[in-house]
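Assemble the whole structure, with the sequences as input and the hints as a guide.
Protein chains in written order, with this note's numbering: chain A, 1 to 174; chain B, 1 to 174; chain C, 1 to 174.
Everything labelled a hint here was simulated from the structure, so no lab data went into it.
Model, not experiment: these values are computed from the prediction.
A couple of the hints might just be wrong.
[Claimed, not checked] A few chain B residues that face chain C, going by a derived Cβ cut-off under 10 Å, partial list only:
{"id": "1", "residue": "9"}
{"id": "2", "residue": "10"}
{"id": "3", "residue": "13"}
{"id": "4", "residue": "157"}
The beta-carbon is built from N, C-alpha and C at its ideal position, and this holds for glycine as well.
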Amino acid sequence: MTHEHTAVSGVTLVLGGARSGKSRFAEGLVTALPGPWTYIATAQAWDDEMRDRIGRHQAERVPGWTTVEVLLDLAGALAAAGDGPVLVDCLTLWLTNVMLADRDVAAAVAALEAALAARTGATVLVGNEVGMGIVPENALARAFRDHAGRLHQRLAATASQVFLTVAGLPLKVK
Amino acid sequence: MTHEHTAVSGVTLVLGGARSGKSRFAEGLVTALPGPWTYIATAQAWDDEMRDRIGRHQAERVPGWTTVEVLLDLAGALAAAGDGPVLVDCLTLWLTNVMLADRDVAAAVAALEAALAARTGATVLVGNEVGMGIVPENALARAFRDHAGRLHQRLAATASQVFLTVAGLPLKVK
Amino acid sequence: MTHEHTAVSGVTLVLGGARSGKSRFAEGLVTALPGPWTYIATAQAWDDEMRDRIGRHQAERVPGWTTVEVLLDLAGALAAAGDGPVLVDCLTLWLTNVMLADRDVAAAVAALEAALAARTGATVLVGNEVGMGIVPENALARAFRDHAGRLHQRLAATASQVFLTVAGLPLKVK
Numbered sequence: 001m002t003h004e005h006t007a008v009s010g011v012t013l014v015l016g017g018a019r020s021g022k023s024r025f026a027e028g029l030v031t032a033l034p035g036p037w038t039y040i041a042t043a044q045a046w047d048d049e050m051r052d053r054i055g056r057h058q059a060e061r062v063p064g065w066t067t068v069e070v071l072l073d074l075a076g077a078l079a080a081a082g083d084g085p086v087l088v089d090c091l092t093l094w095l096t097n098v099m100l101a102d103r104d105v106a107a108a109v110a111a112l113e114a115a116l117a118a119r120t121g122a123t124v125l126v127g128n129e130v131g132m133g134i135v136p137e138n139a140l141a142r143a144f145r146d147h148a149g150r151l152h153q154r155l156a157a158t159a160s161q162v163f164l165t166v167a168g169l170p171l172k173v174k
Numbered sequence: 001m002t003h004e005h006t007a008v009s010g011v012t013l014v015l016g017g018a019r020s021g022k023s024r025f026a027e028g029l030v031t032a033l034p035g036p037w038t039y040i041a042t043a044q045a046w047d048d049e050m051r052d053r054i055g056r057h058q059a060e061r062v063p064g065w066t067t068v069e070v071l072l073d074l075a076g077a078l079a080a081a082g083d084g085p086v087l088v089d090c091l092t093l094w095l096t097n098v099m100l101a102d103r104d105v106a107a108a109v110a111a112l113e114a115a116l117a118a119r120t121g122a123t124v125l126v127g128n129e130v131g132m133g134i135v136p137e138n139a140l141a142r143a144f145r146d147h148a149g150r151l152h153q154r155l156a157a158t159a160s161q162v163f164l165t166v167a168g169l170p171l172k173v174k
Numbered sequence: 001m002t003h004e005h006t007a008v009s010g011v012t013l014v015l016g017g018a019r020s021g022k023s024r025f026a027e028g029l030v031t032a033l034p035g036p037w038t039y040i041a042t043a044q045a046w047d048d049e050m051r052d053r054i055g056r057h058q059a060e061r062v063p064g065w066t067t068v069e070v071l072l073d074l075a076g077a078l079a080a081a082g083d084g085p086v087l088v089d090c091l092t093l094w095l096t097n098v099m100l101a102d103r104d105v106a107a108a109v110a111a112l113e114a115a116l117a118a119r120t121g122a123t124v125l126v127g128n129e130v131g132m133g134i135v136p137e138n139a140l141a142r143a144f145r146d147h148a149g150r151l152h153q154r155l156a157a158t159a160s161q162v163f164l165t166v167a168g169l170p171l172k173v174k
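Set out below in structure tokens:
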């Protein structure tokens, strides 16, 4: 069941819990392909904890990446990324940004799907699995996990590969 | 690892996180069998959010279903459902109903198991995976996830098939 | 995908959500091997709920086990356990103990890894999957799930077998 880093193509969705090694696994999928590689970072460093996290992730990444930071216009960043392999890390923060900016989630998701379909290079999308705990008491958190779950379902339906990482190891779901 | 909607028989348990596509997958398992199909709904529409959810689920379902609403007597509803395939959506709300009504959970689970064993038609049970987050601070939530986990274990032990849905895709666990 | 209780060797990591049957599955892996068996319990009975849980787990265990209780020095307990199979139940409580005692987590994890590498007998480690829910609002809970996730990744990287239990059934991850 472990994955041998065979070459992916099309769209790959890598889901996993917190600290499940999803980013590292996803990066390995991308760097197994010929470059240049584009890293689309959706994280906004709005506190020290987040800044530390982003810094640690960047330090762990091997050289050879072009990093693009994007908060909302993920579709535009994908269109501008050319034909090489792209890593999007992560869908969860992007969705949070879209919700916090009060944008229309359905429209943003539709634009993302169109941008993914238009790419010729491989795209690896990282997302947090957030739906396997107790129902959150907070209504915004409930809305968020509903949107996240539906987003993952839509992307998984057309993705070429879907993985769930557990303790750093990939379970192949599709 | 993806599931080809092969015909299920006996008891099938479909677990998954919130918005993981478990209901849709479970419905597909039932409608792959000859009808008539019975949908046993355990949801109580006690607020607008829940009413919306139920309405959306009903609208998405294809015609040809007989819908039965039940809050507590799931065993009785299964006994009354005849020999055709039955979908129970979902165990989690039923267990919540049983706990909120202060009924004996062990007795209710034993009655459910007896009713399932007595059926000749296929039964597909949907349940939420709720145990993969941080320990809830709320004691009732802790008790709930303990009961849910034990219920799923008991049903899985005798089920013919068990699936975990991830992003709308089934992982076959048994 | 279900596991036939084939004989494990080296280090086995069994992860699972709350009430997912991980302890029972892990015990079955150990008792499928020749004894004597050592059970290293990391639970501290600091309230009635926990005392009940520990008592219930002990009552369910078959005779033939030597039980060792340890709060912090898991590496020492592993070194003292001899060459027979050992079950550690669970990593999650041990990590909690280490954090609450304000010990250095990285040093404790390094000592654990060294102790595991030095064993000749099989070691089965049980841990809670806690990272698949919504981000906890509590900073300590966030730190905990980060530490737990990284611990699981490190152990899984060198483990011979890794399982995720779902409803009492094992998914083989490695």
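**Study point:** residue 9 of chain B as an interface hint toward chain C, with CB separation required under 10 Å
**Key:** 18 Å, violated
**Study point:** Evaluation of the interface hint that places residue 10 of chain B against chain C, nearest CB under 10 Å
**Key:** 16 Å, violated
Check your understanding: Measuring from the C-beta of residue 13 of chain B to each C-beta in chain C, is the shortest one below 10 Å?
Key -> Hint on residue 13 of chain B: holds, closest Cβ of chain C at ~7 Å, below 10 Å.
Review point. Against chain C, is residue 157 of chain B within 10 Å by beta-carbon distance?
Key: 6 Å, holds
Hint compliance for this structure: hints 1 and 2 are broken, all remaining hints hold.
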